[in-house]
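Engineer: Construct the entire structure; sequences and hints are all you get.
Quick mapping for you: the protein sequence lines, in order, are chains A and B. Under the numbering used here, the first sequence has 346 at position 346, and the numbering climbs by one with no breaks. Quick note, the numbering used here runs 392 ahead of the 1-based positions in the second sequence.
Hints are computed from structural coordinates only; laboratory data are not their basis. Even glycine gets a Cβ: it sits at the ideal position worked out from N, Cα and C. Take these hints with a grain of salt, some might be off.
Unchecked claim - Restraint ranges, calculated between C-beta atoms of paired labels, are given here:
#, chain 1, residue 1, chain 2, residue 2, range
1, A, Lys377, B, Leu447, 27 to 35 angstroms
2, A, Asn167, B, Asp519, 26 to 34 angstroms
3, B, Phe460, A, Ala226, 25 to 33 angstroms
As the list claims (entries may be wrong) - In silico contact screen, one side only, chain B against chain A (beta carbon under 8 angstroms); selected entries:
#, residue
4, Asn514
5, Ser524
6, Thr618
7, Ile650
8, Asp665
9, Ala666
Claimed, not checked - Examples of chain A residues toward chain B, derived with CB under 7 angstroms:
#, residue
10, Thr41
11, Ile177
12, Val269
13, Ala336
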Amino acid sequence: MTNVTRRTALGLGLSAALMVGTTGRSYAADPIKIGFPANLTGNAASLDAPMLNGGKLAAAEINAAGGVLGRPIELVVYDTKSDATVISTVGSQLIDSDKVVGMVAYSDSDSVLALGPQIQKAKIPLITPGATSPKLPSQLGDEVFLACFGDNVQAAVGAEFALNKLNAKTGYLLTDIGTEYTTLLSDYFVKTYEHGGGKLLGKDSYKTGDKTFTAQIAKIKALPEAPGFIYAASLVDEVTLILKQLRQAGINVPVVGGDGYDSPLLLQVGGKAAENTYFTTHSYIGEGATPKVQAFMTAYKAANKVDPENAFAALGYDAVKLMADAIKRAGAVDSAKIRDAIAATSGFDGVTGTITYRPGIAVPDKSVSVIGVKDGKLMLASESAPTFIPEP
Amino acid sequence: MSDLVYILQQMINAVSLGSLYALVAVGLSIVFGVLKLTNFAHGDVMMVGAFTTVLLIGVGMPFIPALFCGILGAALAGLLIERIAYRPVRNAPDVTRLLTSLAVTYILENFGILVFSSSPRNFPLPDALNESWQFMGGAITFTNINLLTLALTFASLIGLGWFITKTTLGLGMRAASEDMSAAQLVGLDVNRLIVVAFIVASGFAGLAGILWAAQAGVIQPQMGFTPLLKAFVAAIIGGFGSIAGALLGGFVLGALEIFIVAFLPDAITPYRDAIVFSLLIAFLLFRPGGILKPNREIKL
Chain A
1 MTNVTRRTAL GLGLSAALMV GTTGRSYAAD PIKIGFPANL TGNAASLDAP MLNGGKLAAA
61 EINAAGGVLG RPIELVVYDT KSDATVISTV GSQLIDSDKV VGMVAYSDSD SVLALGPQIQ
121 KAKIPLITPG ATSPKLPSQL GDEVFLACFG DNVQAAVGAE FALNKLNAKT GYLLTDIGTE
181 YTTLLSDYFV KTYEHGGGKL LGKDSYKTGD KTFTAQIAKI KALPEAPGFI YAASLVDEVT
241 LILKQLRQAG INVPVVGGDG YDSPLLLQVG GKAAENTYFT THSYIGEGAT PKVQAFMTAY
301 KAANKVDPEN AFAALGYDAV KLMADAIKRA GAVDSAKIRD AIAATSGFDG VTGTITYRPG
361 IAVPDKSVSV IGVKDGKLML ASESAPTFIP EP
Chain B
393 MSDLVYILQQ MINAVSLGSL YALVAVGLSI VFGVLKLTNF AHGDVMMVGA FTTVLLIGVG
453 MPFIPALFCG ILGAALAGLL IERIAYRPVR NAPDVTRLLT SLAVTYILEN FGILVFSSSP
513 RNFPLPDALN ESWQFMGGAI TFTNINLLTL ALTFASLIGL GWFITKTTLG LGMRAASEDM
573 SAAQLVGLDV NRLIVVAFIV ASGFAGLAGI LWAAQAGVIQ PQMGFTPLLK AFVAAIIGGF
633 GSIAGALLGG FVLGALEIFI VAFLPDAITP YRDAIVFSLL IAFLLFRPGG ILKPNREIKL
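Structural biologist: Have a look at this one:
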């Protein structure tokens, strides 16, 4: 063995320690590196960890089937700790030293915003499995694609669900002003709800990390007329506390929110207070799901020993499959060609629905599942596309 | 519902939040009073207390005994921190001691993340404590855990008051916080007093951590940061280093946070934290001694 190959072998060994998604088979060809930074610790961990497991599963399946263009794919994974500073450091590392050809990253818009400028500058295409801000492509540039619906779509479905299914013509709005995701969600919700004839009796705000919502709740109780429901544009950590404190204060109206609730924590921490909660998300993963989702559930359980925790597991899976599909269609391991191939995606059949990018629009039109909590369990309450979608 | 009932409910909310802030701030002030050390690790001692309680409940211990064990666990953690980290640098410059306490914070927090992972876990509060009391046809509500928090806060503060005014150890602790070298000159065992101060302060941290987590319903290794920050603000508003000041500051801060949301227009409520921290800066600029103005200058 010459020095050079020994060094390569050492390098491979080292990267094997970092990477995930190998099948244990050895390949003659170098793997195709796809960056997969994820918030495995911190606020977003309960979404990103299942997302990574889904992504790993997709990579393993792709590699077992012979890889892409005759080469295996390798997910280069780093924990970015739900911290914008770490995200940007890891971004440079993925681009400059790991030399990834594309990235699959994050379940929240704020993290994608932290990474975006770098991938845009380096011209590396990025598919985000779960960051739902429809503004991301216009804020960051043409390298950014969403594998999920936009917040304007899910907020619209949430609003129409409240109006039509819950028959709630009056509502109250609580917004976490600490994140881009929740503030956008809240704005879009108001547009559709008021467009559909709903009336907001009031609105209030709080910040990510708050633990006490009693002041806001006392205000809701003091309203001359009780609202038909409460829309809480919130992340799961806060909404579980909001639910507990609402129920303790004797307010039992339905609470509706977005895919930020889609975490096992909703039931674990919310407990009984989570009853009568509804949230919009990407896919219903549970009893009675479609055959495609069932197949995904079986494979996920076989690989991870647990059922998929939430829809983000399926989104991570879909996003990695989409990236691999695009590399195949590009016919070359070249970031520019891969970007164009992603943009040309049409009718990609994923677990979470079909992905098609209309020319110049990097947000797919996907249907939205509304999941409700009943008797301590999640159930599919409706599945629909909204009739009125606010402009991004 | 009449305005009066609304105001009453918001006052209950303010006292309930304020009592938590006060508990954290009092512990912080005890250590600062004796050692002139800004103990960043205080928040992590809270975490130790909360985790101890949750783990013990997990193995089947009822809530109340687990709570006391959690307080003991926190006190023990405080004792060890003092012995291992702070004592060797006791006479070092302020910057060294400040950085040591930051280092302890990082070590404890990352140890927690390694052992328990950083994802939040449920705090298994007994259902009975989550029950709420309703008055005036449900217009006024508060929960048993609110009541327990208030009761334990006042009981522990009365206990502390008795300890520092009536016992030799407590009097010694106050003497040491007035003037460490003078206390030594009149024959007080300063080492022992500092150890006692740490145990008491950490016990308070443990109690605060458990109650904080019980109200929030979750625990995680990073849980100590926010309460610590709030306690700093409370202590500075009230008068840093003074126990009465910390107590007052805690309730003032709790009331401020609740009342800003409760009584100001919706357009202003998003600026709640900005208002609170502006007030903090105003205090530091114009009345650095806080409301009670204890007789010493603030040093970090």
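Engineer: Hints first: check each against the structure and report whether it holds.
Structural biologist: Hint check results:
1. Lys377(A) x Leu447(B): 27 to 35 angstroms: Holds - the Cβ-Cβ distance for Lys377(A) and Leu447(B), about 28 angstroms, lies within 27 to 35 angstroms.
2. Asn167(A) x Asp519(B): 26 to 34 angstroms: holds (32 angstroms)
3. Phe460(B) x Ala226(A): 25 to 33 angstroms: violated (41 angstroms)
4. Asn514: holds (5 angstroms)
5. Ser524: holds (4 angstroms)
6. Thr618: Result: holds, 6 angstroms to nearest chain A Cβ.
7. Ile650: holds (4 angstroms)
8. Asp665: holds (7 angstroms)
9. Ala666: Hint violated; Ala666(B) Cβ to chain A Cβ min 10 angstroms, cut 8 angstroms.
10. Thr41: Since chain B brings a Cβ to about 4 angstroms from Thr41(A), closer than 7 angstroms, the hint holds.
11. Ile177: holds (5 angstroms)
12. Val269: Nearest chain B Cβ about 5 angstroms off; hint holds.
13. Ala336: violated (38 angstroms)
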